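Residue numbers (numbering that gives the first Met the number 0), protein chains in the order written: chain Z, 0 to 146; chain P, 0 to 360; chain R, 0 to 141.
Source of the hints: derived by calculation from the structure; they are not laboratory data. Given the structure is predicted, the values throughout are model-derived calculations rather than measurements. By construction, the Cβ of each residue, glycine as well, lies at the ideal position given by its N, Cα and C atoms. Heads up, a few of these hints could be off.
[Claimed, not checked] Below are the DSS-like pairs computed for lysine-lysine, each with C-alpha atoms no more than 27 Å apart in a straight line:
id, chain 1, residue 1, chain 2, residue 2
1, Z, K119, P, K5
2, R, K111, Z, K132
3, Z, K91, Z, K132
4, R, K84, R, K13
5, P, K178, P, K163
6, P, K157, Z, K119
7, Z, K119, P, K204
8, Z, K11, P, K204
9, Z, K138, P, K171
10, P, K157, Z, K42
11, Z, K91, Z, K42
12, R, K12, R, K84
13, Z, K11, Z, K138
14, Z, K132, Z, K42
15, R, K135, R, K111
16, Z, K11, Z, K36
17, Z, K11, Z, K42
18, R, K84, R, K135
19, P, K157, P, K5
20, Z, K119, Z, K91
[To be verified] So the derived label-pair ranges between C-beta atoms look like this:
id, chain 1, residue 1, chain 2, residue 2, range
21, P, R228, Z, D19, 44 to 50 Å
22, Z, A84, R, D71, 35 to 41 Å
23, Z, K119, P, R266, 43 to 49 Å
24, P, K157, R, L117, 46 to 52 Å
25, Z, H75, R, S116, 22 to 28 Å
26, Z, H75, P, Q55, 44 to 50 Å
[Said to hold, decoys possible] Partial list, computed: chain P residues near chain Z (C-beta under 7 Å):
id, residue
27, C211
28, E292
29, R337
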Amino acid sequence: MGLNWLQEILTKIECVGPFDIRRLPEDETWVVIPFDKVFDFVKLIMEDDSTWHLSAITGQDTDGQIELLYHFWLGHGLTICTRLAHENPQIKSITALIPGAAFYEREAAEMLGIGFTDLKDESVLLLSDAWVKGCPLRKGKKEKHDD
Amino acid sequence: MMTKLKIPIGPHHPLLKEPISFLLTVEGERVLESSMRLGYVHRGIERLCQERTYVQAVHLIERICGICSHVHSTTYCHAVETLLGLEVPLRAHYIRALLCELERIHSHLLWLGVLAKNIGLDTVFMYTWRDREIVLDIMEDLSGGRVSHAINVIGGVKIDLDHKMMDIIIEKLEELAPKLTIALGLFENEPTVRLRTQSIGVITKEEAARHCVVGPIARASGVDIDVRRDIPRPPYDGLEFNVITHTAGDVWARTLVRIRETRESHRLIQQIVSQLPSGDIVVKAKRRVPPGEVVCRFEAPRGELFYYIRSDGSNQPARIKIRTPTLPALSTLPEQLRDVNLADAPVILSGVDLCIACADR
Amino acid sequence: MSVITSILRWARKKSLWILHYNSGGCNGCDIEIVDLLTPRFDIERLGILAEASPRHADVLLCTGPVTAQSKDRLIQIYHQIPAPKWVIAVGSCGCSGGIFTGSYNVHGGIDKAIPVSLYIPGCPCRPEAVIAGILKLSETID
């Protein structure tokens, strides 16, 4: 993998703030940045790189924190990891930059209870109309639908 | 001033093979806008996988979708093998790729038949599904199942190919090749088919990128992405194939891309069979996976299939995230169904190659 | 039994019109069912026609487990089919919920929502098995 590519990414991240970086298998670079810097970093990525592609947005409940991962493909894999509070997690939506992220954010919102500010359509994507309450991918007791 | 009507398509509709609900707001013969409701096929696979072991999850992952079941289990097994640090034998990679390409042919022929049926070409539906049976026969001879193959295990594959089987594959695909030429000729040249599919459901290159669209839909709009070429892995790094693109971005372009891709898959299978290396087909895998994370992408028939797996050191996955290629394609539908003729709505819906079971998981 | 009734009974046995609905399955059984319409299996030669509207059907061929969102629609479709009607649950998921049992969004097999007349197991079910099932059902009609 080109060292130039990694250098460029590092320069961009340094513009937004403190970060943590490591390499994962199968050509993936993993960066951890604070949640309020994610929007600016995504904007920087899209400005220069004409071949950016957002593969997915993953939410997960790790011990004590909610992690949100933005998986990009820029010729090499780049995952932006950000950590949110366990109670009432909130983050700015990136749909203003990438409209296609709406489905991914809606799914993360209903599965983990993450609040995305500026997300236009906040309706439920996959869960049923009869779903009572609770987030299926949060750890602990499963809440059920109304039978 | 004509009244506005709301016309529902789905969840049960002769046009759709799977339940999904569209609501079209129609004024006269024009569709003004649309909305959709997913979730009819949501089975909570990601949560179910967390309650199974890695080995049990292989069977669950295969049943996310019946049309692309092999590529789901291939991506999952590849991701877990990467976490385990396993060196899977080259022969296993070749056998997996062989089935991936056979699945691509069967999926594209299935879609072609469904599109033909929805634009009124019932005869083409019958011909393509009859020819698709040839591919299903090969898959049944190889693995025992027409639709669900269960050939992947963590560590490799569990069924080997002998020379007799390889001869059967080549012979049967030779039977299929001239029939693909007829289908391609029809869509390239027949004026009524072109009238029905050209300039319908246009997605520009910029819109495709902004909606994160993948697969034949993106390639038909001029976006040059194909995971088989972009992430060089065995056996694709040693095989010759073209990535088919087009610039028109309409349903016609997507049809041409898919038919030509079927031909490329045929070429790939011929190369795989002739270059199949000798050796084992499986290595032993531990039940407990060391802690770590992995991101894995494969090219399913509908585009980039994405898996993220996190392991916490036990024999159960801590998190599996699956992003299937139909989900971004669905997000382009409100744009495609804006200010179009009502009669074009079925063509647009068919052109997207919906696989709702994949999208809902 | 009058002549008219016995003619109607014979006609119904010999040409069951089916409606296919997927209530949440993986699509494997569905593509095998659509295969029945194609030249290799050709159920039309047995008098079986695939219908588009529930109002024209005799038999509801149902695949997949009943998901929470699909349950009400399935019940509505069942009530739209005029009597006499039968329901065939196709595939392991249709019979009992299959591999998805225990999920937060899955109620179980088709019989959790509507009464089922015949169960055809398989994952996925072969087209020959579906034909055999429909013909077995027609033998029990009186």
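Now for the hints, and whether the structure bears them out:
no., hint, verdict
1, Z:K119 x P:K5, "holds, 22 Å"
2, R:K111 x Z:K132, "holds, 23 Å"
3, Z:K91 x Z:K132, "holds, 23 Å"
4, R:K84 x R:K13, "holds, 15 Å"
5, P:K178 x P:K163, "holds, 24 Å"
6, P:K157 x Z:K119, "violated, 48 Å"
7, Z:K119 x P:K204, "holds, 24 Å"
8, Z:K11 x P:K204, "holds, 26 Å"
9, Z:K138 x P:K171, "violated, 50 Å"
10, P:K157 x Z:K42, "violated, 46 Å"
11, Z:K91 x Z:K42, "holds, 13 Å"
12, R:K12 x R:K84, "holds, 12 Å"
13, Z:K11 x Z:K138, "violated, 35 Å"
14, Z:K132 x Z:K42, "violated, 34 Å"
15, R:K135 x R:K111, "holds, 23 Å"
16, Z:K11 x Z:K36, "holds, 12 Å"
17, Z:K11 x Z:K42, "holds, 10 Å"
18, R:K84 x R:K135, "holds, 15 Å"
19, P:K157 x P:K5, "violated, 52 Å"
20, Z:K119 x Z:K91, "holds, 12 Å"
21, P:R228 x Z:D19: 44 to 50 Å, "violated, 32 Å"
22, Z:A84 x R:D71: 35 to 41 Å, "holds, 37 Å"
23, Z:K119 x P:R266: 43 to 49 Å, "holds, 45 Å"
24, P:K157 x R:L117: 46 to 52 Å, "violated, 34 Å"
25, Z:H75 x R:S116: 22 to 28 Å, "violated, 56 Å"
26, Z:H75 x P:Q55: 44 to 50 Å, "violated, 33 Å"
27, C211, "holds, 4 Å"
28, E292, "holds, 6 Å"
29, R337, "violated, 14 Å"
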